[in-house]
Amino acid sequence: MEINFEHGHGAHCESAVVRNLLNFYGVRLSEPMVLGLGAGIFFCHLPFFKVNGYAMTSFRYISGRIFSDVTKTLGIEYRKHSFKDPDEAMAKLDEVLLSGTPVGLRVGVYNLTYFPKEYRVHFNGHNLCVIGKEGDDYIISDPIGQNKNKLSSADLKKVRFAQGALPPKGSMYYITSMEHYKPLDTGMIEKSIIKTCYNMTHIPLPMFGAKGIAYLARRMRKWEKLFGKREAALNLAQIIRMLEEIGTGGAGFRFMYAAFLQEASVLLNRPALNQFSMDLTAVGDLWRDFSYNAARFFKQREPEGLTYNDLAVKLEVISARELDIFKRLENSIKRG
Amino acid sequence: MKVKDVPQEDPFVQPDRDVSLCGRLFAVDDDGKYQEVPSKGWSPRNDAVRFAWNNWGEKAGKVREKVLAGKYSPLAFHMARVRMTSGMLAAYTGFSRRQINKFCKPKNFASLDSGALSRLAEALYMSVEELISID
Numbered sequence: 041m042e043i044n045f046e047h048g049h050g051a052h053c054e055s056a057v058v059r060n061l062l063n064f065y066g067v068r069l070s071e072p073m074v075l076g077l078g079a080g081i082f083f084c085h086l087p088f089f090k091v092n093g094y095a096m097t098s099f100r101y102i103s104g105r106i107f108s109d110v111t112k113t114l115g116i117e118y119r120k121h122s123f124k125d126p127d128e129a130m131a132k133l134d135e136v137l138l139s140g141t142p143v144g145l146r147v148g149v150y151n152l153t154y155f156p157k158e159y160r161v162h163f164n165g166h167n168l169c170v171i172g173k174e175g176d177d178y179i180i181s182d183p184i185g186q187n188k189n190k191l192s193s194a195d196l197k198k199v200r201f202a203q204g205a206l207p208p209k210g211s212m213y214y215i216t217s218m219e220h221y222k223p224l225d226t227g228m229i230e231k232s233i234i235k236t237c238y239n240m241t242h243i244p245l246p247m248f249g250a251k252g253i254a255y256l257a258r259r260m261r262k263w264e265k266l267f268g269k270r271e272a273a274l275n276l277a278q279i280i281r282m283l284e285e286i287g288t289g290g291a292g293f294r295f296m297y298a299a300f301l302q303e304a305s306v307l308l309n310r311p312a313l314n315q316f317s318m319d320l321t322a323v324g325d326l327w328r329d330f331s332y333n334a335a336r337f338f339k340q341r342e343p344e345g346l347t348y349n350d351l352a353v354k355l356e357v358i359s360a361r362e363l364d365i366f367k368r369l370e371n372s373i374k375r376g
Numbered sequence: 427m428k429v430k431d432v433p434q435e436d437p438f439v440q441p442d443r444d445v446s447l448c449g450r451l452f453a454v455d456d457d458g459k460y461q462e463v464p465s466k467g468w469s470p471r472n473d474a475v476r477f478a479w480n481n482w483g484e485k486a487g488k489v490r491e492k493v494l495a496g497k498y499s500p501l502a503f504h505m506a507r508v509r510m511t512s513g514m515l516a517a518y519t520g521f522s523r524r525q526i527n528k529f530c531k532p533k534n535f536a537s538l539d540s541g542a543l544s545r546l547a548e549a550l551y552m553s554v555e556e557l558i559s560i561d
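Protein chains in written order, with the working numbering: chain G, 41 to 376; chain B, 427 to 561.
Bear in mind the hints are in silico, worked out from the structure with no lab data behind them.
One or more of the hints may lead you astray.
[Unchecked claim] In silico DSBU-like pairs for lysine-lysine, Cα to Cα no more than 30 Å straight-line:
1) G:K90 with B:K430
2) G:K262 with B:K533
3) B:K533 with G:K339
4) B:K459 with G:K222
5) G:K339 with B:K528
6) G:K198 with B:K428
7) G:K198 with G:K188
8) B:K466 with B:K497
9) G:K112 with G:K173
10) G:K262 with G:K251
11) G:K112 with G:K265
12) B:K528 with G:K188
13) G:K269 with B:K492
14) G:K197 with B:K428
15) B:K459 with G:K374
16) G:K354 with G:K112
17) G:K90 with B:K459
18) G:K235 with B:K459
19) G:K339 with B:K428
20) G:K235 with G:K120
21) G:K339 with G:K354
22) G:K132 with G:K231
23) B:K488 with B:K459
24) B:K533 with G:K269
25) B:K430 with G:K269
26) G:K231 with G:K173
27) G:K262 with G:K354
28) G:K235 with G:K132
29) G:K157 with G:K251
30) G:K190 with G:K222
31) G:K231 with B:K459
32) B:K430 with G:K265
33) G:K190 with B:K497
34) G:K112 with G:K124
[Stated by the list, open to error] Calculated from the model, a selection of chain G residues having no Cβ within reach of chain B, i.e. all distances over 12 Å:
35) G287
36) M296
37) F300
38) M318
Glycine included, every Cβ here is placed at the ideal spot set by N, Cα and C.
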């Protein structure tokens, strides 16, 4: 059986899954709007928390928060489950699926057979949607793919119970009721923007928010001394992967959030937000420039006229500008 | 980023053509409006992915040499090959991390019983015969 589910290609796995799920229930939102409502943009660099052997750098909020924030904001009721026993997890998935409900899953990337081998790392933050079952195969709507695909139940069990940093433990989520659904209004958008600004500017630890980028810059200056040339370049590669690998909409969500601000400027009737959108676009271009320069470290071990210090300076500029944008944005929303 | 600047270069080989994995970027058109544009790939990103990938291969190769020299057990090579740390394999198998580190030594690996070997082999998605060889 297959649920009549409209598969849509998306930029980021989680926001696109949420968009497709909401679409199934008749709520039409764009992907940037979902990211914005879920306060999805963020930055953190945690040298003591390793993913794949390298310091965790994240450009989004914790996996799963976009779904819970957006549904709560819109007054939609949902359920989330995680399991210890894989067989129980698969049985529950079948039960919910047979009742005609599409189910979102958080999975590990390593055993997803349709990914190119170079992309298959032990990363447990990928989201996809299960929309049907045919014999032993599940029909998957993975928003990173332009088409739907199939995955055998053995493979699905593997990816749902992947191990490593932040194991998904078979976690699944689905919408249960639209009874108290409230249509999108201006208050919701303003609230989510303020929440985002809080995350980006007010967290009192140096690794989080826009100042976290400057923290990364300070760490980057020490890399060669701490790890040696090769490991330093690998650390840099990890950051470029998190910034640009399939699933961020370009420049670590900066372009997608700018698209949200532009959409919000029309909905809230505030032309000032469009200016913020253009400012954030300019920062996104700086991130692209950073990636472009960083890539030279992967081709030559010691690129001419480029050091980690130069890259760190670029990051410091980005940090200052993002801090400025989100502070001004918060003020402009609060003053109305 | 402008719509005309969205990179369309150098995609990876995809195992499943029907899925057609593809990035999607947000870019500004000439009127200053954001558009969604599918993007096949961008060389700086692909360089980073390839660099990390090649590095893993080289690391596994070095471990293999040490296995041949009798310093590590084949388990160490297979872990490096699938890029697992001892902590991850411990989570998959139910052994402790210390036990996994011990099994990476040839002496301790040789004394493992068939039950333990099949548990390790299962977690690495291979047969016991493959686990004890390094081909």
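Here is what the structure says about each hint:
no.	hint	result
1	G:K90 with B:K430	violated, 37 Å
2	G:K262 with B:K533	violated, 39 Å
3	B:K533 with G:K339	violated, 41 Å
4	B:K459 with G:K222	holds, 28 Å
5	G:K339 with B:K528	violated, 37 Å
6	G:K198 with B:K428	violated, 40 Å
7	G:K198 with G:K188	holds, 19 Å
8	B:K466 with B:K497	violated, 44 Å
9	G:K112 with G:K173	holds, 29 Å
10	G:K262 with G:K251	holds, 18 Å
11	G:K112 with G:K265	violated, 47 Å
12	B:K528 with G:K188	violated, 44 Å
13	G:K269 with B:K492	holds, 23 Å
14	G:K197 with B:K428	violated, 41 Å
15	B:K459 with G:K374	holds, 26 Å
16	G:K354 with G:K112	violated, 38 Å
17	G:K90 with B:K459	violated, 39 Å
18	G:K235 with B:K459	holds, 25 Å
19	G:K339 with B:K428	holds, 27 Å
20	G:K235 with G:K120	holds, 23 Å
21	G:K339 with G:K354	holds, 20 Å
22	G:K132 with G:K231	violated, 35 Å
23	B:K488 with B:K459	violated, 51 Å
24	B:K533 with G:K269	violated, 34 Å
25	B:K430 with G:K269	violated, 36 Å
26	G:K231 with G:K173	violated, 39 Å
27	G:K262 with G:K354	holds, 16 Å
28	G:K235 with G:K132	violated, 34 Å
29	G:K157 with G:K251	violated, 35 Å
30	G:K190 with G:K222	violated, 34 Å
31	G:K231 with B:K459	holds, 24 Å
32	B:K430 with G:K265	violated, 40 Å
33	G:K190 with B:K497	violated, 43 Å
34	G:K112 with G:K124	holds, 26 Å
35	G287	violated, 8 Å
36	M296	violated, 5 Å
37	F300	violated, 9 Å
38	M318	violated, 7 Å
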